[in-house]
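Input sequences plus hints: build the corresponding full structure.
There are 2 protein chains.
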Amino acid sequence: MALLLVVIDGLGDLPPSPLEKARTPIMDRLAKEGITGMMAPVGRFRVPGSDVSHLQILGYDPEVYYPGRGPLEALGAGIALKEGDVAFRGNFATLKKGVIVDRRAGRVESKKAKKLAALLPSKIEDVEVIVKHTVEHRLAVVFRGKGLSAHVTETDPHARAPPLKARPTAPNAKKTASVINKFSSLSHKVLSSAPLNRSLSLPANYVLLRGSGVYRKVPSLKERFGLSACCIAGGALYKGVAKFVGMDVLNVKGATGDFNTDVDGKFKKAAAALKKYDLVFVHVKACDSAGHDGDFEKKKKMLERIDRALKHALPYASSIILTGDHSTPVALKRHSGHEVPLLVWGGERVDGVRRFSEQECMRGGLGHLHGRDIMPLVLNLLGKAKKYGS
Amino acid sequence: MALLLVVIDGLGDLPPSPLEKARTPIMDRLAKEGITGMMAPVGRFRVPGSDVSHLQILGYDPEVYYPGRGPLEALGAGIALKEGDVAFRGNFATLKKGVIVDRRAGRVESKKAKKLAALLPSKIEDVEVIVKHTVEHRLAVVFRGKGLSAHVTETDPHARAPPLKARPTAPNAKKTASVINKFSSLSHKVLSSAPLNRSLSLPANYVLLRGSGVYRKVPSLKERFGLSACCIAGGALYKGVAKFVGMDVLNVKGATGDFNTDVDGKFKKAAAALKKYDLVFVHVKACDSAGHDGDFEKKKKMLERIDRALKHALPYASSIILTGDHSTPVALKRHSGHEVPLLVWGGERVDGVRRFSEQECMRGGLGHLHGRDIMPLVLNLLGKAKKYGS
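Chains A and B are the protein sequences, given in the same order.
If you count by the working numbering, then the first sequence holds residues 909 to 1298, one letter each, in order.
If you count by the working numbering, then the second sequence holds residues 909 to 1298, one letter each, in order.
None of these hints come from the bench; they were simulated from the model.
Since this is a predicted model, take the numbers as computed values, not measurements.
Glycine included, each C-beta is placed from N, C-alpha and C at the ideal position.
Any given hint might turn out to be false.
Calculated cross-link-like contacts (lysine-lysine; reagent style DSSO-like; alpha-carbon spacing at most 30 Å) [as the list claims (entries may be wrong)]: (1) A:Lys1130 to A:Lys1176; (2) A:Lys1083 to A:Lys1023; (3) A:Lys1294 to B:Lys1005; (4) A:Lys1294 to B:Lys1073; (5) A:Lys1292 to B:Lys1206; (6) B:Lys1125 to A:Lys1295; (7) A:Lys940 to B:Lys929.
Chain B regions said to be covered by chain A (calculated; three or more residues, Cβ under 8 Å) [as the list claims (entries may be wrong)]: (8) 968-977; (9) 1264-1272.
Computed spacing ranges between beta-carbons, pair by pair [stated by the list, open to error]: (10) B:Arg1242 to A:Thr1164: 31 to 37 Å; (11) B:Lys1161 to A:Gly1134: 44 to 50 Å; (12) A:Met1270 to B:Asp969: 30 to 36 Å; (13) B:Pro1070 to A:Pro1079: 56 to 62 Å.
Put into structure tokens, the structure is as follows:
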């Protein structure tokens, strides 16, 4: 018995929806042979972030377990966090005359950004600083040392404005705020004088920090539910969530988290993983990005590519759950609180729904689920649920 | 006004389901004239034991009220429990060369088991021991005295292995563990030398204890909801749950809790009871047993027998609720977390569903209910609900 959980980021949409219009013969066959419904990852009409939604879907109530975005990104970037580490998402940005004129330093090339990241300070006073570049302007920044706290404000002004000073929001965070401010000014100094930056019209001469969080180890899926589980994803955040809950992260060359990702490669890897793991979690990001861009055709095409790639993994799964982490309607270009369609194939009942779409799944036999229902569903399908009572 | 609540144990199944395939003209008529839905007794996809599920359906949140299996079985066996009694489910077992070679002593005949049960010690130190034989190898064993606790481990190894010693799991349970261990060795001594056992190839020479629980009286259905209620059941557990919540237990000769039970007799008794009680709870066990045995035909036939027997009670009920306590799919041979179908006839709306089956009820007008919704449903149908607000 092995279950394939496919989360299509930003899947849900409004009519006429890309999913409705896409040619998805495999998903439709699974719908015909299985059961469908709608799922509100964090409660009806609530707008979830991807981090919180994934935690909830994987059985980790974010009210209890959410560590903030920073630690999840840092884990996903490959930093081996230790308990008490304070982690941030970092952006290379362009500072001119005291003002952040571009929050992404013109989306600086990954190759250059990696070199610039190597110049950043690795120690501020007695605090170790671990910086890891991921894609384009994006960084994970971790502070490791005694007496640190995540109760500090971010430095990103989110506007054409001066960068913000980190301020403590709890009495025990004064040292952390001071370390961050020193890191910021020191980084600016080092980056400003870097020869690499001279060739850039929007030099990457500042590091903005946000999404602070302190890392604490949580009980794994194995410890809590007896599940062996792995994750196949492109984006750092999803790998980070997977590591956070104790999944193995399987890397696929060409799994980029963008539209050019190797979807076939991901589902081929899933096929192999289904022979070894109870739960194989595959994440595909690009539909969310297409939603944010308002690009109907791109979202539709990506869904069709996922549909074709599913064939690689089908023969190896005893059950399949196909859903999204939230809606990103192309008409809205942002996350929304509309439910996502959900399909369960194998080990479940059959509800007569014949297509995988928002329109059809809202009539499905599973009705309306909450994100927290997904892990009990997984355990029931795998025969790993503990009986309550006797 | 009188409501008939029929709980078919292990009712739910996977397609093609016995309920779908059974000829059930009366249930189908009730579905046509009533409203349907699906019910998850203890939450979506969670796998319930029968004890916990029945408590929840009867309005007793198991998180608050569940006393453990022992007290429920003891009440059902007819032992008049007192507050503070510590009760267990007991099994006659066969011990050979220090190893439990049969956990059920070859399912020892009831007649012989009853005689052997009479030999068991009735006092250990200052603790009174009350033993009651039920069916075959099954016993209820109650310890009554000062300073007892239910925080002890079971003695059943659930395997071909030496019996376990009871161990205290709380500081106040040392005496209880010691009393249980003395009871175990003394029982073994007495049973080993019983002449009756000499004729058995698998002598009933050991008593295994599990399902410990302490009995505390809880407010009755009458006290909590103003309901007069009775129970018609074969199995001891269900009678025990009924007594626990303050129902009268009506005995029907031939109501055995197995496939040969007198279903007609039970529903004739229900017909009479509906003239006297607000709520008549009828439990039929055999569908669950057929599910555990993986016997599709047996489960289907039992459903057809229940359907025919329903006719006796129909004229006397103003409302009928027909459901299960959990699914026991024949393909799985165990309890599962799939919802159970639910039918409400009389005093409710009509949803256009024309058959009582999983397939149809998932489209039903009541949607997806939790076990905790059933008692408010009962009270609403009986006009006994208290208004919230004014």
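Hints, one by one, checked against the model:
no.: 1; hint: A:Lys1130 to A:Lys1176; result: holds (24 Å)
no.: 2; hint: A:Lys1083 to A:Lys1023; result: holds (29 Å)
no.: 3; hint: A:Lys1294 to B:Lys1005; result: violated (34 Å)
no.: 4; hint: A:Lys1294 to B:Lys1073; result: holds (25 Å)
no.: 5; hint: A:Lys1292 to B:Lys1206; result: holds (27 Å)
no.: 6; hint: B:Lys1125 to A:Lys1295; result: holds (25 Å)
no.: 7; hint: A:Lys940 to B:Lys929; result: holds (20 Å)
no.: 8; hint: 968-977; result: holds (count 3)
no.: 9; hint: 1264-1272; result: holds (count 4)
no.: 10; hint: B:Arg1242 to A:Thr1164: 31 to 37 Å; result: violated (43 Å)
no.: 11; hint: B:Lys1161 to A:Gly1134: 44 to 50 Å; result: holds (46 Å)
no.: 12; hint: A:Met1270 to B:Asp969: 30 to 36 Å; result: holds (31 Å)
no.: 13; hint: B:Pro1070 to A:Pro1079: 56 to 62 Å; result: holds (59 Å)
The earlier numbered hints that this structure contradicts are 3 and 10.
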